[in-house]
Amino acid sequence: MAEVPNLIPALPEIFLVCAAMALLMLGVFQSGDEGKDEVKTAQLISNLSLTTLVLTLLLVTTIASGPMLTFGGMFINDSFAVFFKVLVLIASALTITISQEYMTRQGIARLEFGVLILLATVGMMMMISANDLMAMYLGLEVQSLSLYVLASFQRDDMRSTEAGLKYFVLGALASGLLLYGCSLVYGFAGTTSFDTLAALFAAHPEEAPSVGLVIGIVFILAGLAFKVSAVPFHMWTPDVYEGAPTPVTAFFSVGPKIAALALFLRIMIGPFGDLAAQWQQIVVFVAIASMVLGAFAAINQTNIKRLMAYSSIGHIGYALIGLAVAGQGGDGAVREAGIQGVLIYMAIYLFMNVGTFACILCMRRSDHMVEDIDDLAGLSKSHPMMAVALAIFMFSMAGIPPLAGFFGKFYIFLAAVEAGLYGLAVIGVLSSVVAAFYYLRIVKVMYFDALGDSLEKPIGRDMAGVLVGTSLIILLFFAWPSPLLSAAAAATRGLFAG
Amino acid sequence: MTEFPILSLVTFLPLVGAGFILAIPGGDAEVVRRNARSVALWTSMITLLLSLFLWVQFDTTTAAFQFEERRAWMPAFNISYHMGVDGISMFFVLLTTLLTPICVLASWETVTDRVKEYMIAFLVMETMMVGMFSALDVVLFYIFFEGVLIPMFLIIGVWGGPRRVYAAFKFFLYTLTGSVLMLLAILAMYFTAGTADIPALMEYGFSADMQTWLWLAFFASFAVKLPMWPVHTWLPDAHVEAPTAGSVILAGVLLKFGGYGFLRFSLPMFPDATIEFAPLIFTLSIIAVIYVSLVALAQEDMKKLIAYSSVAHMGFVTVGVFTLTAQGIEGAIFMMLSHGVISAALFLIVGVVYDRMHSRDISTYGGLVHRMPVYALTFMLFMLASVGLPGTGGFIGEFLILLGIFQVNTWVAALTATGVVLGAMYMLYMYRRVIFGKVIKADLKAILDMNRREVMVFAPLILVVLWMGLYPAPFLDVMHVSVDNLIEPFEQARRAASGVAVAGR
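Sequences listed follow chains A and B, in order.
The opening position of the first sequence corresponds to residue 109 in our numbering, with each subsequent residue numbered one higher.
The opening position of the second sequence corresponds to residue 20 in our numbering, with each subsequent residue numbered one higher.
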């Protein structure tokens, strides 16, 4: 036992966590006593955080070579993990990029922001690489605790504080459910290791699992559904999204969601893959409920952040179709198609969502942020380029070709049809028509309505860069889809090989 | 066949033009507008000339796809960029490239707001439409088919009339609902056959049970697009609110998506279901022809009247397509082409007086013949063409369709033929009220006849309509082999059913 574990697979996480500590200390020593330096320090720290994330990204991609286990099999680094880690790192980096100006101007530019994002990223990466119930919980909590603080980062603001508290209480409850589920699984199966669990269930395919075990799985499912904000565990989403500072909301809608979904996929396909008959129906229900609720509840929203909350609930519903397909069993190729669909969907979702939130962050009028959809009236006249970008994101989210969002849905529905889940597919496409209505409403407000009070301009350079980059990715995805498709295919094979 | 990718060029050249317009630097607003218009006009004219090459080079002796191009696109999924045209789709490409420059020219002076965006929208739409007609991969087809929604939504919503928001949403959501069901059918086909290639899918032969469902899903989309009764209600709204050029494209090209879709997918891929559902189509078409014509008779708004007349004419087209005879189908294609030109011209005609009086109500006008003789003559020509006067393009299509349906079912033929009479009624009635009578309204006294730009817009359309009516052979020759190939399986089934020995031929 005195043997030192192989640290290479976890090198990116180790680097990231060390860098986060170092930055924290650097920040504390830099800022000194005078308050006026705080903004400068915060900017320095967030720039350094950005650099750290980029370096981590390089590390993640360079050490990727086949599945590697370490820490007694609790930590795995395979192509599936690499795919999701890249997404999460991009999400974190983009969030920091679009947050700097906002933080400074809202007077909440503090050095902790960058550090907290880094720590949350570490947690997410651990979740993605978890190969044991304990490791999973550890990662989840590192991430969640950072996020609770981030949600209430604007501590003098009522809404932000409320959002943080709400998120904490409900998040703690979900973590409790999850942990309870883990303990039930441990109690009835006798192990927490994903590999052992998988081998155990594979060895006794005919035997019905004990009731306690099934209840444990259901609890784990509920906890994870909370983390990805799927119906019926979605109630916190609109409130937290609305209350949290906008860059934090942007982060919530991509990073943690993607990481939690990765965990969701790994735990359902890996250890519980042979028990699919037990959980597949739940996933089908959750997917349908999320799509339908996401579509209908968003129609009446006037606040764009709340709207995005419901929209993200809907998107998770679509992504979960892929998991339902993978749980349908049958042909291995079909199951892989389902998971591959989820990976493509989440990658595209990341860029659409970050882009949209970058637009929301540009909604500023005489030094205060505005968040109503009607505030976008006549945007096409005052900010033609921003309007085009937002219109691209909206049409893409509605799933209109040739934009990237269409392809995300395309692969998901393709998998659903292959698996014979026609009912799910029909409900999915019909709810996407309903959802198209509210995405179109934003386009309508920007293009058809007369110009009201103009929003502030010009928009910042960072914002413009992110907007141009993400909108070009969404717009031109159709021209060269192969890189993402093959990366997703490789990641899927990695998941099923494990 | 040359290696030159002419079809891709025709498809994507408008997009290049749109890029140029986007790159026009800001500055003097008037200069920007002028530049945007000229770039759009030049691009669409060059595209038109290029597309004429398709016709010149077209081989009328084969039913195979021509000018084919194939490139790997999503190799892992066996989905490729595959383009090509045959005798059925070739003229639709030409129709699109003909109408786009006319739209640009027709909006030359009337659109002054956001000209750059307007022209970009039209050019993007041209790319989508040409791509739709020449795509030979179902996924590619769907992308073009749906992609049209975005520019059209914006055109109706931004440059439309008072109820444009309602109309734009209705248009978008109606079409999207139909199309997503088609998407599922496409996915199911792709999964079953293992290919997204249209020629390969035509060969595949789906099981009878599956054909029924696939046919219905495609029908959901095409029936909305065409539009067929009872899902036609988006069309009058969209037409009334859209700017003139938007109506032209909508009536001229977008409505043909449905008819083309039936010919490209439903007939060759689901032949059993097609035979099974033909009575349903006949019923809906007859209702469309008779009921919608009566509705048209009661309209007070000129654009609405023409919109309803489009629905009625599309009823003829569906009857023709589902006769499954060579005459019927050739008539249907011919009718779609002639309707594309005629209804486009009729909307432009309404646009001419609308630009002067800002009213589309029939009651606003009267006695225009005294003030606008050239206009009255043009109007008369297209009105009669729409009614189906021999010597115009409208006649050939109607005649062939009726010829085809008489071989299949006399009752359907008789009921469909009433549409010809009703069509004459509402068109002549409108024409009389707008053109004849005395000029009694004071504001009409000063109305001016068509100017040179407007004459230039109509001249090519008049030429085409008369050509189609007087000497239709060049058009029919192109379709002939492809249509024969299309109905071959149906002919076989019919011969088998009637017991005529094939050897006897």
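These are calculated hints, taken from the structure and not from any lab test.
Please note that a few of the clues may not be correct.
[Unchecked claim] A few chain B residues that face chain A, going by a derived Cβ cut-off under 8 Å, partial list only:
1) Leu60
2) Tyr161
3) Ile169
Owing to the predicted nature of the structure, the values given are computational and were not obtained by experimental measurement.
Beta carbons: idealized from backbone N, C-alpha and C, even for Gly.
> Does the nearest C-beta of chain A fall within a distance shorter than 8 Å of the C-beta of leucine 60(B)?
Replying inline: Violated. Min distance 23 Å.
> Should the interface hint for isoleucine 169(B) be scored as holding, given a Cβ-Cβ cut-off of 8 Å against chain A?
Replying inline: holds, 6 Å
>> A closest beta-carbon separation below 8 Å is what the hint needs, so does tyrosine 161(B) meet it against chain A?
In response: Holds: closest Cβ of chain A sits about 7 Å from tyrosine 161(B), inside 8 Å.
Hint 1 from the list above is the single one not met by this structure.
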